[in-house]
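Novice: Let chain E serve as the given structure and place chain A on it in line with the hints.
There are 2 protein chains.
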Amino acid sequence: MGMENVGWLYEFLVAKAAEISAAGSQRAAVISISLFVSLLCVCIVIGHYYEENRWLNQATIAIILGCAVGFVIYILSNNAELLSFDEQLLFIYLLPPIIFNAGFQVKKKQFFHNFGTIMLFGGSGVLISASIVTAGCRYMFPRLKLGNLQMRDYLALGTIFSATDTVATLQLLHQDETPLLYSLVFGEGVVNDATAVVLFRAVQRFEEAGLDGKAALRMIYEFVYLFSVSTVLGVVIGLIAAYVLKSLYFGKHSTDKEIALMALMAYLSYMLAELFQWSGILSVFFCGIFMSHYGWHNVSGSSKITSKHAFATFSSISESFMFLYVGTNVFNVNIWQLVDVRQVGSRITELCYAAGANFSREGGICLSNVRHLQLCPCVVIIWWSGIMRGAVSIALAYQQFSTSSGTMNTDYATMIYSTTGVVLFTTLVVGVVTKPLIATLLPHHLRHLEPSSPKDESCEEANEDGSSIFLRRSSLSMLLANPTSAVHSLWRGFDDSYMRPFFGGGGPVRDSDAWEA
Amino acid sequence: MGMENVGWLYEFLVAKAAEISAAGSQRAAVISISLFVSLLCVCIVIGHYYEENRWLNQATIAIILGCAVGFVIYILSNNAELLSFDEQLLFIYLLPPIIFNAGFQVKKKQFFHNFGTIMLFGGSGVLISASIVTAGCRYMFPRLKLGNLQMRDYLALGTIFSATDTVATLQLLHQDETPLLYSLVFGEGVVNDATAVVLFRAVQRFEEAGLDGKAALRMIYEFVYLFSVSTVLGVVIGLIAAYVLKSLYFGKHSTDKEIALMALMAYLSYMLAELFQWSGILSVFFCGIFMSHYGWHNVSGSSKITSKHAFATFSSISESFMFLYVGTNVFNVNIWQLVDVRQVGSRITELCYAAGANFSREGGICLSNVRHLQLCPCVVIIWWSGIMRGAVSIALAYQQFSTSSGTMNTDYATMIYSTTGVVLFTTLVVGVVTKPLIATLLPHHLRHLEPSSPKDESCEEANEDGSSIFLRRSSLSMLLANPTSAVHSLWRGFDDSYMRPFFGGGGPVRDSDAWEA
Chain E
1 MGMENVGWLY EFLVAKAAEI SAAGSQRAAV ISISLFVSLL CVCIVIGHYY
51 EENRWLNQAT IAIILGCAVG FVIYILSNNA ELLSFDEQLL FIYLLPPIIF
101 NAGFQVKKKQ FFHNFGTIML FGGSGVLISA SIVTAGCRYM FPRLKLGNLQ
151 MRDYLALGTI FSATDTVATL QLLHQDETPL LYSLVFGEGV VNDATAVVLF
201 RAVQRFEEAG LDGKAALRMI YEFVYLFSVS TVLGVVIGLI AAYVLKSLYF
251 GKHSTDKEIA LMALMAYLSY MLAELFQWSG ILSVFFCGIF MSHYGWHNVS
301 GSSKITSKHA FATFSSISES FMFLYVGTNV FNVNIWQLVD VRQVGSRITE
351 LCYAAGANFS REGGICLSNV RHLQLCPCVV IIWWSGIMRG AVSIALAYQQ
401 FSTSSGTMNT DYATMIYSTT GVVLFTTLVV GVVTKPLIAT LLPHHLRHLE
451 PSSPKDESCE EANEDGSSIF LRRSSLSMLL ANPTSAVHSL WRGFDDSYMR
501 PFFGGGGPVR DSDAWEA
Chain A
1 MGMENVGWLY EFLVAKAAEI SAAGSQRAAV ISISLFVSLL CVCIVIGHYY
51 EENRWLNQAT IAIILGCAVG FVIYILSNNA ELLSFDEQLL FIYLLPPIIF
101 NAGFQVKKKQ FFHNFGTIML FGGSGVLISA SIVTAGCRYM FPRLKLGNLQ
151 MRDYLALGTI FSATDTVATL QLLHQDETPL LYSLVFGEGV VNDATAVVLF
201 RAVQRFEEAG LDGKAALRMI YEFVYLFSVS TVLGVVIGLI AAYVLKSLYF
251 GKHSTDKEIA LMALMAYLSY MLAELFQWSG ILSVFFCGIF MSHYGWHNVS
301 GSSKITSKHA FATFSSISES FMFLYVGTNV FNVNIWQLVD VRQVGSRITE
351 LCYAAGANFS REGGICLSNV RHLQLCPCVV IIWWSGIMRG AVSIALAYQQ
401 FSTSSGTMNT DYATMIYSTT GVVLFTTLVV GVVTKPLIAT LLPHHLRHLE
451 PSSPKDESCE EANEDGSSIF LRRSSLSMLL ANPTSAVHSL WRGFDDSYMR
501 PFFGGGGPVR DSDAWEA
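Chains E and A, in that order, give the protein sequences.
First residue of the first sequence? That's 1 in full-length UniProt numbering, and the numbers climb one at a time after it.
First residue of the second sequence? That's 1 in full-length UniProt numbering, and the numbers climb one at a time after it.
Excised from the complex, chain E in its bound form (with noise of 0.2 Å):
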């Protein structure tokens, strides 16, 4: 490995990015899909060696890869075709398969059970975060001389910041050690996501004529209506699936059919509600609930098997590129040469920012968790694991931020440089600190309240367990939790009677089985 190797190897990767520049879109999408693949397989690799690491995780790896790659090819070429952030690759194409795999692996009765304060969590934590960060940003920027933004750009920051990333803590977290913090966190990071889009969607479709009382009541109605058409949708898409998987139920099977037509109509939900402009997220997570709940049960053995780990690693894949990605558009040249110009500006901005987000994701959880004030240890990973911004705050600021032909404005760029920073901040320097502060909290004050599960017993029954030994144990919260245990019992009955006979699912009997393969 002398420095003729390394010689041959730059002139090789120059010569490769030079070709880049010069050819055809076919040629220019083989060497960077040869590239991340490449990356893809180098971080599972990696990210396996490093599994027992105090530090690192598998997104800390790909995002620092990333970083590394981009690096090169910044100094290799000047060409910044490659590391052009597509925001239409993770909206169409990266983000359904990780949030269908979300509500198609959610322990359901973990997640309904919890329903009323994981919207809180999630829901709740969105609009007074992105309240705070508008009203921050409506402030501080014009005293910044940052002024040529409008009231919808505030608006939509606020919203892009108030996005989480709770993918990385998820990794650290194990469903079976500790299964009601993994589905509060779970739950919360993904109604969080679909709130911060639907906000989104809802500012964008707002009209510039300053924020009165009106402007403000029809957000909110917008906002309601999205959230709703977009999980009625997803439900209804759920419930035809496994109807279809039922009738189609002839005494034999196939599995490569069932498993294509659960794919393909998960797919048809989001990619239905983006038809439609609603909110894709949320419906491909509730279709995901639902065809587990209903349809995963009407398929052969093999085909469950296969769903389960096949949706799974789709999703980790997905999940790796994306933070790869992230990494790579870090060295974003046509961004950096708008920016340096103010430079100092975009870094107090970009703290700024920081800091807002998170005194203000900290506000809203406070207040939405005064249920579960005696579960402190819990409550600080929430909060810790809410810090974190990731790549959909970046989608957002592209499609916000950017024009089809690239962004030219300098305060539009600096607001995706920032964001890019935080996430980056985020990812890397909150990501390294929560394994040990979760090896820290949890195994004193958490797992004596969780049973650890036997591995060979059903998740489904250690969850029940685990939520009811600590119903038993808060009595506020288990008072206080009463209405939404009604709801639930309610729904149960409802379930068992009609759906489940008519959908698929069994009786309650085929329960207790339902995620043992």
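Heads up, some of the hints might be wrong.
Given that identical chains are not distinguished, each listed pair holds provided it fits within a single copy or across any two copies.
[As the list claims (entries may be wrong)] Okay, derived cross-link-like pairs now, DMTMM-like style, lysine to aspartate or glutamate, Cα gap no bigger than 25 Å in a straight line: (1) 246 x 495; (2) 308 x 496; (3) 304 x 51; (4) 109 x 496; (5) 246 x 51.
To be clear, the hints were calculated from the coordinates, so they are not data collected in a lab.
Specialist: Leaving out everything else, chain A in the frame of chain E:
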């Protein structure tokens, strides 16, 4: 369902079609993805209902559905943007999973036992067929006043019409009932496609200096070179994947990572081959063979089931999508506008292609099949399935005859149109007759040659029985098969003592339960 509903639907569709013309690329992508995903779902459901039907199969259904939708879009709008065929989509995204799955699921013992026959069928068949079509076109076209083609174009035509589409036939054969025939048609199809693409690449490197002996020799050299390096690349990446999977086995396992690594490494082998302008099809096919022979044995039990079904699902979705895509492409107005002035000439060309190609296939197969003469129905089915032309032909035609700005040359447009016509004709007409043909030929002649294995028995074992009985019966083929058998047993010895211990797959003991799951 009165006329009002239809009117509403019509208006909605017109509005959507108008939106595509006006929309940005993201919106257009959302609309066409929604359309194709819905069509795929419909295809699967219809395909399931007509599974027992005598005339229809999945490919025919997809292509008819595609045609119908293409026609509706053509009526609703003159916009051809949605319908323009993008061969990049085929070569980068659709073909790799199909061919990888072909290699991954192939019965390796059967495949390598009949390796010589398959290479003769597939390899020499293409060479003979390509020569005859090229010579025929060279002779006929100037007489049909289709004069502006160069030697390179004639050679390209030869290879385009040598790429067969055996997928449609394979859907009708059952791997468990007729393992030998299945393996022959299967292997022949893949080797055929790969050879055609390699030959096409060799032709594209061919310089415009007339076809003399030196140029022919150079082309043969290019062909052998591309064939060898692509195969070696696939084998090497397959072995690396197997080794990585084996060495990452640290006692504990993550199914997601294993499946992700398999899929990514396979895709990498395709992409690297394309990067070096070799043949991705050959690479990914051999990568699949080696990954299932070694790597597959190194993963956990649920990964084994998941990989088998997930790759098959991916492949079957890609296949249906391909046929749908070819169907919608029939109403590509851009090409029609150039073609209709000389429709007569184009029709004649088309028939001349079809006749020439079929004749030459027949010749090639008869030649390579002397040793199997007593297996007449088998040969008839292989010959029949060799008539079909599929998406690979269309993709190659677009690659040769279209420029990045679309096809502007009338001759070239005629070529593309004719290729589409031949593919449509063979898939619909030939495809419809295939099921009855197999039903007529097989039960009487072949079923007693190959024992029908009970369902619960291991497929590998059943195959071995099948081929050994077959070899016992046909003395002529046994005599001729001896060299292959010698090489095969030599390879098995080497495999058992050196390769398997290092790359995985256990000893010969674990071999029998290879595909049990």
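Novice: For each hint, tell me whether it holds in the structure or not.
Specialist: Results of checking the hints against the structure:
| no. | hint | result |
| --- | --- | --- |
| 1 | 246 x 495 | within (16 Å within a copy, 46 Å between copies) |
| 2 | 308 x 496 | within (23 Å within a copy, 34 Å between copies) |
| 3 | 304 x 51 | between (27 Å within a copy, 23 Å between copies) |
| 4 | 109 x 496 | within (14 Å within a copy, 50 Å between copies) |
| 5 | 246 x 51 | between (40 Å within a copy, 17 Å between copies) |
Every hint, counting from the list given before, is met by this structure.
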